[in-house]
Amino acid sequence: MVYSLPKPIPKPLLAVALLVGAAVLLPLLYLVLRAAQAEPHQLVEIVLRERNLQLLGNTVALLVGVIALTTALALPLAWVTSRTDLWGKRFWTVLLVLPLAVPGYVGVFGFFGATGAGGWLEHLLGFPWPRPTGYLGALGVLTLFTYPYLFLNLRAALLGLDASLEESARSLGYRGLEVFWRVVLPQLRPALFAGWLLIGLHVLGDFGVVSLVRFETFSYAIYLQYSASFDRIYAAWLSLMLILLTGSLLWLEARLLKNLSLSRVGLGSARKSQPVRLGVWRLPSLGLMALPIVGALVVPLTSIVYWLAQYPSSPHSRSFEAVLEALRNSVQAAAPAAFLAAFLALPLAYLGVRYPSRLSRLLERAAYIGYATPPLAFALALIFFSLRGVPFLYQTLALLILAYALHFLAEAIGPIRSALYQAPPRLEEAARSLGYNPLQAFLRATFPLLRRGLLASMALVFLSAVKELPLTFLLAPVGYSTLSTRIWGYTSEAMFAEAAPYALLIVLFSAGLVGLLLSQERQ
Amino acid sequence: MNTQHAERPTTPIQAHTPILRVQGLSKRFHPSLPPVVENVGFTVEQGEVFALLGPSGCGKTTTLRLIAGFEQPDSGQIWLEGREITRLPPEERGIGFVFQDYALFPHLSVFENVAFGLRRLRGKARQARVLEVLGLVGLTVFKDRKPGELSGGQQQRVALARAIAPGPKLVLLDEPFSSLDAALRQSTRDEVRALLKQAGIGAILVTHDQEEALSFADRLAVMRSGQLEQIGTPEEVYHHPRTPFVAQFLGRTNLIPGEARGLEAETPLGRLLLSEEAQGAVLLSLRPEGLGLAMPLGHLGIDGKQLEGTVLAREFKGHDMTYRVQLGNRELIVQESPESPFRPGDKVRVLVRARAVVVGRGR
Ligand SMILES: Nc1ncnc2c1ncn2[C@@H]1O[C@H](COP(=O)(O)OP(=O)(O)O)[C@@H](O)[C@H]1O
Ligand SMILES: [Mg+2]
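Protein chains in written order, with our numbering: chain A, 42 to 564; chain B, 6 to 368.
Just so you know, these hints were derived from the structure itself, not from any lab. From the three backbone atoms N, C-alpha and C, an ideal C-beta is built for every residue, glycine too. Take these hints with a grain of salt, some might be off.
Quick look at which bits of chain B chain A covers, simulated, 3 or more residues with Cβ under 8 Å [stated by the list, open to error]:
(1) 66 to 79
(2) 269 to 276
Far from chain B, by Cβ distances over 10 Å, these chain A residues were calculated [unchecked claim]:
(3) Phe132
(4) Leu400
(5) Pro432
(6) Tyr462
(7) Ser474
(8) Tyr477
(9) Pro479
(10) Ala486
(11) Leu490
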């Protein structure tokens, strides 16, 4: 690869891209400013509070626990559905990915609706099951609804492994399990790290699950600060600590990946290995697969159906108009956010693809920072920013839309970037030589080819925003309820029948999102 | 070749302003690397077909992109019809460009692709022009297809039609035939050449295929590592290469050192006649067709030295026979008639039938 002098970036493009990058980072700056308002003696008291240590311990314990448990679940599942003679591997794979369609707070709704007094398990068994709460509750629910991230990564890696490596290990005298430990597992490390990172970000960013099962992590504490006393400086510090923790996770991942250099040596496509015969392991394998399918699909869906049936007769039941209003509110916020995100992602993606340089990578990274920042912290940052910088935006729908768009910007970049790679720069040059100026050339030659990518970006952001809870929770105007805030609200007050119709709609939306993600991945 | 010059329509008034003049053009992509294009200068006359020939990676495409305005030169100037265009953006130059991979707009039909550059025309006039150009390249029946539904040769012709539709005085062709298969290449080449000549459009063809350059161009420039080594008609460049590189790049040749005195030189092949005067140490080029083989004489030659060699290999090519011959510590390539009878291992006498060309002077 010959390094070239960076081509001069057209000024207007640069200006727009810088503006977008700054828009993501600026609120975080306000968070820091707010935190820095603490007086020195106050600062010591805030930072060295014993409660912080306890929150840190809880958060890290949850993080480590979820990562360990998802690995224990996803690794065998990925292996069984990719390398064995199991019947219907594709069918099982789809079933095992589907829990992604159920947001964590709907998962909690599912479990709460099944357990405890009045839950459908009591109906079925005659005695109430204990509610999953606290650490174990959070651990169980988060594991069940995040393991597919790891499962997908590991399965793809296992399918991509070159069989000749395993065969040569066997020819050197290693047995099955030894081959797995010494040859296969080391090659799975990139997939493991990638999956762990996704799950880690999810756990650190989660608000819905920990708040409903009442397990005090940083997110939950930020929420308590916000809803109860709202000591803003302390909330800002908690957010910074959470961001710091997220940063450490990203740093760890980067370090781990740096020490790896495992790209396949030699050319030619990887050869598939022979499927392993399951034999007596068939039954235990099916049992393992049943575990997440029951826990993450059957339970929530049963809860939805069971409580939906009770909805009309429920004493608190309001008319379906309330459901329609929440649906309309969700769409009203998510749809403009989807447009805005795609619109903002376009210059960043274009800059990254056509003018690759340190600056363009930095700007794209800014978008990822917005994505990785735990949503509660991001929301708080936006609140501080709007109060100080743009007070007329505070408590408006516009701010919520902006928050969605900036937070999900990274999701929007991906499909646009892939589409841009499909549109060679020659096309724009051809248009230039035929008399069109740079902007016209882009609009006439490249833009028509981005349609699919733009649509995919908008759909991704739209569906993600509909599912989103913490940003909505903190930034929606007073009295503005969406599907997600309604589910959370009703579930936290054990009004499961009221929550059911909203949960059904969210699951339908999310199923669309998962379908879209999978079809994007296949391309 | 000369007949092709006669075909060229020359408008008397403009005949003295070249359509394109390039002077001292240089371009570097990285400060620590040598320039990709260095001090390149040449002219293209009205309606002339000019070829830029050189090995892959020598800077041909970059030169073309500089002329089109897709890249900015570090130094040098470009004039189009006497007007300096060095700093103009591509859209203001009015130069057609045919890309190596054609770069057709996949979302537009053949008709819309060709109409794309006709921004000044509207309605009937626009449609008429598109159909006229499509007729020229013989694609009228395909006008409603998308580029993806055409063969490589057809796409190539759409690209050409799109480039010439706005009526440029000059089109730049970047290896336009390289992705066609051999059978199609020759006929497409002939068609394109005829079309350019008929329309009186000047053209620069970039290619790494010497045969293509020799047969396609009115004049050609041979490029090496960013610099032009020689410019001339195909005959001049083939028969009178100025450098060893040009001699070797335009076909197989034998490079022989010698000591020149006027129109003669002493060489390991004996005393050779030169095509031009020279003095002192020289490097000479002798094309394989300028050598011949004969049975060895039973006794010593006229000057007491006989050029006796051994046949190493023979290569039958239908219309001729090419030998590799060991002569002393030197290997020669010799082209003979197809009936030539020698076999590997045979002793042969090497005959020199042509004047040697001086391709290097001094040591
Ligand atoms: N945009 C660029 N950035 C850096 N190097 C380039 C760029 N374009 C071309 N080069 C380099 O310049 C040299 C000449 O390239 P090119 O003009 O494409 O050669 P040719 O068309 O004769 O094969 C090559 O070494 C190539 O790697
Ligand atoms: Mg090239």
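(request) Examine each Cβ of chain B, and state whether all of them lie more than 10 Å from the Cβ of Tyr462 of chain A. (result) For Tyr462 of chain A, whose nearest Cβ neighbour in chain B is about 14 Å away, the distance exceeds 10 Å, so it holds.
(request) Decide, holds or violated, for the assertion that all CB atoms of chain B are farther than 10 Å from the CB of Pro432 of chain A. (result) Non-interface label stands for Pro432 of chain A: nearest chain B Cβ at 44 Å, farther than 10 Å.
(request) Could you check that no beta carbon of chain B comes within 10 Å of the beta carbon of Leu490 of chain A? (result) Given that some Cβ of chain B is not farther than 10 Å from that of Leu490 of chain A, nearest at about 6 Å, it is violated.
(message) Three residues or more, CB to CB closer than 8 Å: is that satisfied between the region 269 to 276 of chain B and chain A?
(response) It is violated, with 0 qualifying residues against the three required.
(message) At least three residues with a C-beta closer than 8 Å to a C-beta of chain A: is that true for the region 66 to 79 of chain B?
(response) Coverage by chain A holds for the region 66 to 79 of chain B (3 residues, Cβ < 8 Å).
(message) For Ser474 of chain A, is the shortest CB-to-CB distance to chain B above 10 Å, so the non-interface label stands?
(response) Label violated. Min Cβ-Cβ 4 Å, cutoff 10 Å.
(request) Could you let me know if the closest chain B CB is still more than 10 Å away from the CB of Ala486 of chain A? (result) The claim is violated: Ala486 of chain A sits with its nearest Cβ about 6 Å from chain B, within 10 Å.
(message) Using Cβ atoms and 10 Å as the threshold, tell me whether Phe132 of chain A really stays out of contact range of chain B.
(response) 35 Å, holds
(request) With 10 Å as the threshold, tell me whether Pro479 of chain A passes as away from chain B on beta-carbon distances. (result) Given that some Cβ of chain B is not farther than 10 Å from that of Pro479 of chain A, nearest at about 8 Å, it is violated.
(request) Examine each Cβ of chain B, and state whether all of them lie more than 10 Å from the Cβ of Leu400 of chain A. (result) 18 Å, holds
(message) Checking a non-interface call: every C-beta of chain B should be farther than 10 Å from the C-beta of Tyr477 of chain A. Is that right?
(response) 6 Å, violated
In summary, the structure is inconsistent with hints 2, 7, 8, 9, 10, 11 from the numbered list given earlier, while agreeing with the others.
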